[in-house]
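Starting from the structure of chain V, add chain Z where the hints point.
Just so you know, the sequences run in chain order V and Z. The opening residue of the first sequence carries number 1 in this note's numbering; numbering runs sequentially from there. The opening residue of the second sequence carries number 1 in this note's numbering; numbering runs sequentially from there.
Note that these hints are calculated values from the structure, not bench results. Please note that the accuracy of each hint is not assured.
In this list, chains with the same sequence are indistinguishable; a pair is considered to hold if it fits within one copy or across any two.
To be verified - No more than 27 Å apart at the CA atoms, straight line, and that leaves these computed lysine-lysine pairs for DSSO-like: (1) Lys212 with Lys180; (2) Lys381 with Lys391; (3) Lys51 with Lys32; (4) Lys391 with Lys107; (5) Lys391 with Lys108; (6) Lys212 with Lys328.
Number of protein chains: 2
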Amino acid sequence: MTATALIRHLPGLIGQSVALRGWVVTTRSSGKIAFLVIRDGTGYLQCVIAKQDVDEATWETSRLLTLETSVEVSGEIREDSRSPGGVELGVESLATLGPSADFPIGKKEHGTAFLFERRHLWLRSRRQTAIMLVRHEVVQAIRDFYYERDFVLVDTPLLTGAVGESTGTLFETEYFDLGKAYLAQTGQLYAEAAAAALGRVYCFGPTFRAEKSKTRRHLTEFWMVEPEVAWYDSDDNMRLQEEFVSYVVARCLERCKAELDILGRDRGPLESVVAPFPRISYGEAIQRLRDLGSDIRWGQDLGGDAETQLAQQFDRPVFVYNYPRDVKAFYMKQNPADPTTVLCNDCLAPEGYGEIIGGSQREDDHDLLLGRIREEGLPEKAYGWYLDLRKYGTFVHSGFGLGVERTVAWICGVPHIREVIAFPRMMTRLYP
Amino acid sequence: MTATALIRHLPGLIGQSVALRGWVVTTRSSGKIAFLVIRDGTGYLQCVIAKQDVDEATWETSRLLTLETSVEVSGEIREDSRSPGGVELGVESLATLGPSADFPIGKKEHGTAFLFERRHLWLRSRRQTAIMLVRHEVVQAIRDFYYERDFVLVDTPLLTGAVGESTGTLFETEYFDLGKAYLAQTGQLYAEAAAAALGRVYCFGPTFRAEKSKTRRHLTEFWMVEPEVAWYDSDDNMRLQEEFVSYVVARCLERCKAELDILGRDRGPLESVVAPFPRISYGEAIQRLRDLGSDIRWGQDLGGDAETQLAQQFDRPVFVYNYPRDVKAFYMKQNPADPTTVLCNDCLAPEGYGEIIGGSQREDDHDLLLGRIREEGLPEKAYGWYLDLRKYGTFVHSGFGLGVERTVAWICGVPHIREVIAFPRMMTRLYP
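Isolated chain V, as found in the complex:
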């Protein structure tokens, strides 16, 4: 099969004859002229079929086309300032490649369950395609950000014996004669080992939480990027985060204009996302919330509503730092100035999107870390290698995890993160 043109490239081919393959989006016909819009994944193209200019087979084909039929069209590319890409195609021939009877997703409103059950077909819609393209850009921006700064990618394992965040929300599987393996909730602990070898590293892969949660911010399988930096303290860590988030947002503003327009995303709030980000301590956050009428008390974790309330006070993401030790993970470094807190931060996105980053300086003192592992009742033996990092040349280090889906949802202005991954996994969904 010879290569054919892609719709994206047509503006450079005005006046030329091309062949194209794609899928039917809309058809409209009068007695003598038919208009056909096709998509090929790289764009949308209006094709004009004049009855007098084509043979009978082509005209008949054009009248019978249905939604999502795959077709081959050929003809001349003409300038047309009214079209999205500035061109249209004057059809000389048209052939059906794959019929499509009763494509289940039409113009009418469908329920969410109906659409997710047909996610493999729903992905073809203009809105879903735009979201996937923004996600694609976000991921490449993440990779480029770290590559340009000489961070080394280290792929951490998904099948693990040790656990990261919290027991009780783990997927488990039998692992040959070695007992159970758990699906990783984070790559961080492994990234810490790699940081001692390579200095500045990041891991970036899928992570899992077997949480019985149905909020718009939760998936059971989601992607997370986790940088880990030798010799960074908590302040350095926040500086890296604000530089990173600003970079990703700026890149989408620069390269995803068309997609953000399709999604009806107001770019104004995104244009404010410039470092530095405001920083408030956990204590200040509690005071602010109480001033706003909340009855939250020092020591309680911030819930989604509290995060939204706080973030609404700022025009860009805000850091909340140094949470109480008891609401955070065992590996966070005790704050020497106030041992009831740890050196950590969350980064809350504006516009109600809440936490997109959780980060911390890591406990680098062997005995303090061992104490925390014991307090939490974690399996000491499984963490032997992790403790070793504090035994052989321990080092100040910090890192964080950014949730890709939450970030993409925020940038796209999409309310629920299930829409920003191709095949979302939720408590109630494993298909398709």
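Below, chain Z alone, put in the same frame as chain V:
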């Protein structure tokens, strides 16, 4: 903590005073002068300590340093043409940050099991660091190759109801009230759905095989990149593969010179890896093997030894195409010219590394595909969405999967793929 210099950047800082943090690699001392090599993940630096130039504490510290102690040194960067980076540091002060008593990996030879049990520490070695840096470059090269060619990244799910390659080698986990979920062996089927939406796509993530295999080419968890292209046939597919593999190899030759030198990799064979690659049909491959004395017969799959024998006849990777239907997966397109074969190819790397790519044109005929699903006894319902792709505007399409670890092992010249991933997962290894 203020930022300190990285070893990589020192050649630009000759004559300046800097502070550095890192880990002790070697120490050597005479009565009046001590030499200390430290590493920080970005390079190695020789530090020279003259007793007469430093205070007593620094001199004493220098005498007591042990392998992998973390230290802070400061002093002046001096040109030194004998050093690897062209510079050395004249120490003014030196402090231990984290002691390291009896670091378990020394200069003597250790057994493989011993080293993998201490993988979190072994990663700090010069050889392992070099391998990780090559892997890092390979992965970014892969991402850049597809990004530059407008392929859209689509992250496919790891928790799946449907299966990809073969039953019986799946890890499984309980999934809430939905029964069992399986860890994906491939993202291809999902990538096919995405190709109908976006034209040219790729997925790139970890994949799993619960195989009781102990060869040097197998891991239970490994990374695979899988492009899928609408309107590509099997020939287009092979052209994409040879362009892709050549790109990745060229990029490593260009950007990983130092690492390949550390690994003692002969660059000659890599420099031959230029498209086009030779292509032989499966039938020809059988004939060649028989001519070489093998008793292999038409219809049998090629084993690792046969692959090595074939690949040895060429100076670059070789394609073997159109295998018998019965040794290949159900989704491969029946060859219209010979229905006992399918339109597919493997790509065999030279120097005994064997298969690095498996690819095929996909069966786009609904009824033929359904027939194959039934023949294989696969759960028809779980494949309903996959069959839908042939029901609504079916399309010629092809794709392939390249195994990252096999590719990195080949480029590094490392015999066993377990060494080219930070924390390998094998039948007998889940720790660290």
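Status of the hints after comparison with the structure:
In the homo-oligomer, the alpha carbons of Lys212 and Lys180 lie at most 27 Å apart both inside one protomer (21 Å) and across protomers (16 Å), since each shortest distance falls under that limit. Proximity of Lys381 and Lys391 under a CA criterion of 27 Å is satisfied intra-copy only: 15 Å inside one chain copy versus 53 Å between copies. When the C-alpha separation of Lys51 and Lys32 is checked against a cutoff of 27 Å, the pair qualifies only within one copy, where the shortest distance is 5 Å, while the shortest distance between copies is 97 Å. In this homomeric assembly, Lys391 and Lys107 come within 27 Å of each other (Cα to Cα) only across copies, at 19 Å, whereas the closest approach inside a single copy is 63 Å.
For a Cα distance limit of 27 Å, the shortest separation of Lys391 from Lys108 across copies, 21 Å, qualifies, whereas the shortest one inside one copy, 63 Å, does not. Taking the shortest Cα distances, Lys212 and Lys328 sit within 27 Å of each other inside one copy (20 Å), while across copies they are farther apart (39 Å).
Comparing the model with each earlier hint shows no violations; every hint is respected.
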